[in-house]
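Novice: Chain A is fixed; fit chain B onto it per the hints.
In case you want the letters, here they are:
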Amino acid sequence: GAGVSQSPRYKVAKRGQDVALRCDPISGHVSLFWYQQALGQGPEFLTYFQNEAQLDKSGLPSDRFFAERPEGSVSTLKIQRTQQEDSAVYLCASSSPQEDGTSPLHFGNGTRLTVT
Amino acid sequence: QKEVEQNSGPLSVPEGAIASLNCTYSDRVSQSFFWYRQYSGKSPELIMSIYSNGDKEDGRFTAQLNKASQYVSLLIRDSQPSDSATYLCAVGFQKLVFGTGTRLLVSP
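Chain order of the listed sequences is A and B.
Just so we're aligned, residue 967 is where the first sequence starts under our numbering, counting upward by one.
Just so we're aligned, residue 45 is where the second sequence starts under our numbering, counting upward by one.
These are computed hints drawn from the structure, not numbers from a lab.
The structure displayed is predicted, hence computed values, not measured ones.
As a list, the in silico SDA-like pairs of lysine to any residue whose alpha-carbon atoms are at most 25 Å apart:
(1) B:LYS139 / A:VAL1040
(2) A:LYS1044 / A:VAL1055
(3) B:LYS139 / A:GLN1020
(4) B:LYS111 / B:GLY53
(5) B:LYS100 / A:PRO1063
(6) A:LYS1023 / B:LYS139
(7) B:LYS139 / A:SER1069
(8) B:LYS100 / B:ILE62
(9) B:LYS139 / A:PRO1063
(10) A:LYS1044 / B:LYS86
(11) B:LYS100 / A:GLN1064
Now the in silico label distances, taken between C-beta atoms and shown as ranges:
(12) B:LYS139 / A:ARG988: 15 to 25 Å
(13) A:SER1062 / B:PRO152: 35 to 45 Å
(14) B:SER113 / A:ARG988: 37 to 47 Å
(15) A:GLY1006 / B:ARG72: 20 to 30 Å
(16) A:ALA968 / B:ASP102: 15 to 25 Å
(17) A:THR1068 / B:GLY85: 20 to 30 Å
(18) B:GLU59 / A:ASN1017: 39 to 49 Å
(19) B:GLN124 / A:LEU1021: 36 to 46 Å
(20) B:ASP99 / A:ARG1030: 40 to 50 Å
(21) B:PRO152 / A:SER1028: 42 to 52 Å
(22) B:GLY60 / A:ARG1030: 46 to 56 Å
(23) B:PRO125 / A:LYS1023: 40 to 50 Å
Ideal Cβ placement from N, Cα and C applies to all residues, glycine included.
With the rest of the complex left out, here is chain A (with noise of 0.2 Å):
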């Protein structure tokens, strides 16, 4: 695809639900990452997959909060018995080396999250 595709756009969840939140990213991109953004703040990293090892997921809040990239590419961020504060957007980008070295980072459009 064109860009990183993330879905739901837009999730409600009653406190206790468990919600699966997904991301593909670019066609052949290598590294994936996860971050929450929450209102008024910078997006926070979360964890990050390369291919599909998780080479780092200390981000990760709680033990409520689990991401897998099974087959290298889709990938799932799953949060269980979810909490008011666990109200935010959830960003998901992914990159790729550049011939200069560099790796940008190319997110996509990111799935809000409501815990009512």
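Specialist: Showing chain B alone in chain A's frame:
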């Protein structure tokens, strides 16, 4: 202490003026610095990257980096109302640390 600091603004400038956005960071070993633009309700969009001390120009945008002072800035010349957005400073390699962003308002 937040690792990347930005003034939240809003920074208001008239159309045609130069907008100056500033960012400081705490990690002395940081090597890569980025400016992202984020329109309300949209995703961040990369507009500039800089890796070496000094200035880097791209069209109306100039990024300035001073590693000794741990300071990076973005200048927007001939500001346009369409430049009105939140500008996010980000530091790091792949795993980026973002500031809270500076909201820029360009009035016609």
